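Just so you know, the sequences run in chain order A and B. Be aware that the first sequence starts at 1, since it is given in my numbering, and climbs by one per residue. Be aware that the second sequence starts at 283, since it is given in my numbering, and climbs by one per residue.
What the hints contain is simulated information worked out from the structure, not anything from laboratory work. All values derive from a computational prediction rather than experimental measurement. Note that CB positions come from ideal geometry on N, CA and C, so glycine has one too. Fair warning: there could be bad hints in the mix.
Unchecked claim - Restraint-style ranges between C-beta atoms, simulated for each label pair:
#1 B:493 <-> A:100: 21 to 27 Å
#2 B:336 <-> A:250: 15 to 21 Å
#3 B:568 <-> A:2: 54 to 60 Å
#4 A:100 <-> B:497: 18 to 24 Å
#5 A:250 <-> B:444: 53 to 59 Å
#6 B:855 <-> A:122: 25 to 31 Å
#7 A:100 <-> B:530: 53 to 59 Å
#8 B:855 <-> A:237: 55 to 61 Å
#9 B:444 <-> A:122: 29 to 35 Å
#10 B:855 <-> A:100: 37 to 43 Å
#11 B:459 <-> A:12: 56 to 62 Å
#12 B:531 <-> A:122: 56 to 62 Å
#13 B:800 <-> A:106: 22 to 28 Å
#14 A:122 <-> B:825: 31 to 37 Å
Said to hold, decoys possible - Below, in silico cross-link-like pairs of lysine to aspartate or glutamate (EDC-like), each with a Cα-Cα straight-line distance of 20 Å or less:
#15 B:433 <-> A:211
#16 B:442 <-> B:464
#17 A:54 <-> B:480
#18 B:735 <-> B:550
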Amino acid sequence: MSLINLTLIAYIVASVAYIAREVWMSVAIKWISLGVFILAFCFNLTWLIARSIKAGHPPFSNLYESLVFYACCTALVYIIFEFIYNFRVIGALASVLAMLILLYATLQDSSIRPIMPALKSNWMLAHVITYMLGYGAFGISFITSCIFLAVKPFAKNKKSNEVKKGNEISLINFDKLSYKLVAFGFPFLTLGIVTGAVWAKKAWGDYWSWDPKETWSLITWLAYLAYLHTPLIFPKMNISKSKSSVILAFWLLISFGIVNFTFIGLNYLPSAADSEHIYGSQ
Amino acid sequence: MKNGKQNQPHMTTEAKDDRKKTNQISINQSERRGSNKVWDFFCSVKLAVVIILVLVVACILGTVILQGRTLDEYTAKYGYTLATFFRITELNNVFYSYWFAFLLVLLCANLICCTIKRWRNTFMQTGFILTHLSLVLILVGGVVKFQLGVKGGVNVYEGKSVNYFLTQLINRQGKLDYVKKDLPFSIALDDFILEKNEPKFQLVSYIKNKDRQKILEVKVGQRQRVPGSGYKVTIKDYIPDAELKQEPVNTSDTPDNPAIFVKLLGSDKVTAEGWLLAHDRNYYEDKKQNLRVEYIWLSSQEELEKTVSSIETAHPKISVMISEQGLSQDYPMELNKTFKLEGTNYSIRMLQYVLNYGDRRPLAEQPTDNPSVQVEINGPDGSETRWVFEKFPDWDKMHPAKYKNLKITCSGIASGHMARNTIRLFQSPEGKQVMVSIKDNHITSAIPWELEKKYTIADLNHQIMVSNYFPSFDFKKEVIKKSDEVGMPAIFVEVEGPSGKVDDWLFSNQQYATWYTDNNLALVYESTGDSIKHFTSKLRIEENGQTVAEKTIRVNDPLTYKGYVIYQSSYDPEAGSFSGLQVVKDPGIPIVYAGFGALCFGVVFIFYIKPFLRKKSNKEVEE
Chain A
1 MSLINLTLIA YIVASVAYIA REVWMSVAIK WISLGVFILA FCFNLTWLIA
51 RSIKAGHPPF SNLYESLVFY ACCTALVYII FEFIYNFRVI GALASVLAML
101 ILLYATLQDS SIRPIMPALK SNWMLAHVIT YMLGYGAFGI SFITSCIFLA
151 VKPFAKNKKS NEVKKGNEIS LINFDKLSYK LVAFGFPFLT LGIVTGAVWA
201 KKAWGDYWSW DPKETWSLIT WLAYLAYLHT PLIFPKMNIS KSKSSVILAF
251 WLLISFGIVN FTFIGLNYLP SAADSEHIYG SQ
Chain B
283 MKNGKQNQPH MTTEAKDDRK KTNQISINQS ERRGSNKVWD FFCSVKLAVV
333 IILVLVVACI LGTVILQGRT LDEYTAKYGY TLATFFRITE LNNVFYSYWF
383 AFLLVLLCAN LICCTIKRWR NTFMQTGFIL THLSLVLILV GGVVKFQLGV
433 KGGVNVYEGK SVNYFLTQLI NRQGKLDYVK KDLPFSIALD DFILEKNEPK
483 FQLVSYIKNK DRQKILEVKV GQRQRVPGSG YKVTIKDYIP DAELKQEPVN
533 TSDTPDNPAI FVKLLGSDKV TAEGWLLAHD RNYYEDKKQN LRVEYIWLSS
583 QEELEKTVSS IETAHPKISV MISEQGLSQD YPMELNKTFK LEGTNYSIRM
633 LQYVLNYGDR RPLAEQPTDN PSVQVEINGP DGSETRWVFE KFPDWDKMHP
683 AKYKNLKITC SGIASGHMAR NTIRLFQSPE GKQVMVSIKD NHITSAIPWE
733 LEKKYTIADL NHQIMVSNYF PSFDFKKEVI KKSDEVGMPA IFVEVEGPSG
783 KVDDWLFSNQ QYATWYTDNN LALVYESTGD SIKHFTSKLR IEENGQTVAE
833 KTIRVNDPLT YKGYVIYQSS YDPEAGSFSG LQVVKDPGIP IVYAGFGALC
883 FGVVFIFYIK PFLRKKSNKE VEE
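With the hints as extra help, turn the sequences into a complete structure.
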C-alpha cells in the first residue's frame, strides 16, 4: 500500500478514535486517539520527505504536493494546540479535514516534473512553509467556529453553570479558541505574504503587481485583519457579546472559504490567464 | 486600531481593568484636543474596519473584472454599455484608479492618527506601533514606485547591445501603447545559454471504460495494480538507450501471411529491394520510373488463372450503406455526377479524389499512401461534404457528421490508379506463380516466375527478381542496448488482466499507445517533455564605451546598476537567439522593505512575544 493511502487511513482511524473518546471520555482512548493522529501526521511528513528526496526539490512544486503539505500543516497545528489546550471534539474534525485535503490531492496529477527556474529560490521555501502553517491554523479555526455555531443555540441558558475542568475549554468558549488560532496563524500569513513579495521582486522584478494570486492573498490577509479588529468596535456599536461572537464565528467561516479559494479556486477567475503563479499553468 | 492592551477581544479580568484605564486615557486625550470630531473620525477603529471591508470588495472586483485591457477587448467581452461603465468608474483599472488611491490615503491617515492617539512609550506597545507604521511605510514606498519608478522590457540579441527599453501602457484612447525609455548606459548581451533538464520518462496507464489516466511507477521487478482497476503491471526490464531490431522470419509452411522479397536491379546493381506482404503493404511504387510492382496472392489456382488475364483487379468505386433501411449500394467512381440513392431522399456526388490525403503535389506524383474521395451528400437537412478514406473505412463513424446514418466507404482507388508500367506477381497456394507485365493498360506479357531468377522489364532498362518467399511472414523483435546513457529508453512490461498475461516492449519514441488484448487498458511510455532548467544571459554594462559592470544573470538573480535592476525574464522560444530582459527602477524599495521588516517583527511581537511576556509577568505577580 502506498504511503499516501496509509496516511489517509490513519487519519480516518484517528477521527473514529476521537469520536470514541467523546463518547466514553476515558483517559486511555484520549491517548490512543492523539497517538493515532500523531502517527498519521508522521506518515504524512515521511511522505513529504521521501518525495522531496525523490524529486530533488522541496515538496510543493505543484498542486498535488502542496495539498499534501497543506494537510500535514493542518495536522501539525492541531497537535500543537491539543498539547497546549485540552481539546475535545476538534480532533475528529481536524483529522477529517486533513483527510479531505489529502483525498483532494489524490485527484490531482501526481507526477514529478522538473521545477521551473522561478521556483528555485530559498524565499519560496520560506513563503510556502509560513503560508501553509497559517492556512493550517485557519483550517482548525474553521472547525472551532463550526462547533461553536452548532453548540451555541443549545447552550444559551447554561452559561452560568459553566464549569472549567482543569485546562479543558468548554465548547461554548470555542470562540476564544478560534481567536487564539487566528492569533497563531495571522503572523504566519503575514510572513508568507512578505516573503512572497520579496521572492517576486527577486524573480519577476516587482514585489507587488496585482496578479490575481497576489490580490487574493491580500484579500485573505484583510479578511483576518478585519476579524482581529472588529471585536474592538462591537461594544461601541451596542452589539451584545453573544451576538458579536456569532458574527465573528461566521466571519471565520467565510474567511476560510476565501483561504481555500485563494489556494485552489483561482482557475475560475476570468483574469486567471494573466496570473504568473496559478497551479496548473506550470 | 489595536491598542497594546486591547488586541484580545476576550479578556481576562485584569485586561478589562487595563482597558478601562486606557479608555480613560483616550477620553482625556480627546478632551484635550477639544473633542474634535474630525480627529475622532480619523482615529476610529470603525473607519479602519470599513476601509478594510471596502478594500476587500475592491480587490475582488479587480480580479473578477479583467484589468488593464484595451477598450476593444472590453467592448467585445462585456458589451458597449458595461465597458463604458467600467471606464468611467475605473473598474477596468481598479488598483491604479483615483478612488482606490483615495481609499489608501484614507487608510494611511487612519493609521497615522490612530497610532498617534494611542502612542504610549511602553515596551509592550512596540508591536502595535511597528505594525501600524509599517503599513504606512509600505504605502509610501508604493507611491514612490508609482511616481518615480519605471518597469519595462527589452529583447537583446546575442552579440548586440541596447540602450533603451519599452514600457507598456493603455493610453487615453484605451489602446495598448509602447513607450521607449532611454537608459543612461547600454546593455550588451555577450552570451545566452539555455539549459534543459535531462529528459524524464513516465509510464501512463489509461482505462477506457472509466476514462481514467494514471501514472505508474517505473521500477523494475515491482508488480503494481493500475489504480481503480484489476490490471496488474510488472516492469520486467529497462534499457536506458534501446533500439528495436526487427528481423523478418518465416514461422511456418502454411501460407498465413505470404510475403516475397523483391529486388529491382539497374545494370546489375540493386536499386530497390524490400518485402511485399500479400495481406499488408503489397505494392512498391517508383514514381520517377512510373513503375509499380504488385504482389497478389490468390486463394486458388483457378482464381489465379481467371484474374491473370484481366487488367484491372478492382474498379474504383464507393459504397453507401444505410443500415436501418438495409440499403447498400455501390457506385462507380465518376466525378461530379449526381447519384440518387434509390428509395431515399439522399443523393451523392463525388467531388474529387486523391491518392495521399493532405499531399499538395499533383495527383501523378502522389504515393498511394492514403487514397480518399471527397463526397457531397444531399439530404433532407441540406448538404454535407466529407472525405472518405479507403484505408480507414470507419473514419466517419468516429467523427462528427451530419448524416451519421450514412456510412460511405471507397475501394479500388489505389489499385485503380495505375502507373504506366505495372508488374504483377501472382501466386497461389498450389505454387502457381505468374508474372504479368502491363504497359499503358495493356498486358504485354504473362510468364511464370521463379525464385532467384532475373526478369527484364521491357523499356525500363531494369530487371526484377524475387529472391525469397515466406509463406508465413513475421518479425522477430529484438531489443538491443545501444548505450548506458539515457537516450531512447524502453521498458519490458507484463500486464495481467482478464484475458491472461501479455508482455511487450514499450519504447519511449512510440507514437501510439499499446493496448492490452481486451482493448480497455492502454499503456504509453513517454517523455515528460522538454523542460527548461536554467536560462542565463551574460550581460555587460557599458558607459561611454567602457565596461562598467558585468554579470551573468538568471531568473532569481538579477544585475543591479545605478538604481536599475535588470532581470532575466524570457527568451526567444524558437531559435533561442535573443534574451528577454526586464528593466526595473524603483527608488521606493528601501522604504517598502523597511515596512516589510517592521510588519513582520510587529506581528510576531503582538501575537507571540507579548503574550509570552505577559504570562511571565503574571506568574511573577502570583509568586
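Outcome of the hint check:
no., hint, in the structure
1, B:493 <-> A:100: 21 to 27 Å, "holds, 24 Å"
2, B:336 <-> A:250: 15 to 21 Å, "holds, 19 Å"
3, B:568 <-> A:2: 54 to 60 Å, "holds, 58 Å"
4, A:100 <-> B:497: 18 to 24 Å, "holds, 23 Å"
5, A:250 <-> B:444: 53 to 59 Å, "holds, 56 Å"
6, B:855 <-> A:122: 25 to 31 Å, "holds, 28 Å"
7, A:100 <-> B:530: 53 to 59 Å, "holds, 58 Å"
8, B:855 <-> A:237: 55 to 61 Å, "holds, 58 Å"
9, B:444 <-> A:122: 29 to 35 Å, "holds, 31 Å"
10, B:855 <-> A:100: 37 to 43 Å, "holds, 40 Å"
11, B:459 <-> A:12: 56 to 62 Å, "holds, 58 Å"
12, B:531 <-> A:122: 56 to 62 Å, "holds, 60 Å"
13, B:800 <-> A:106: 22 to 28 Å, "holds, 26 Å"
14, A:122 <-> B:825: 31 to 37 Å, "holds, 33 Å"
15, B:433 <-> A:211, "holds, 15 Å"
16, B:442 <-> B:464, "holds, 16 Å"
17, A:54 <-> B:480, "holds, 15 Å"
18, B:735 <-> B:550, "holds, 13 Å"
Of the hints listed earlier, there is not a single one the structure fails to meet.
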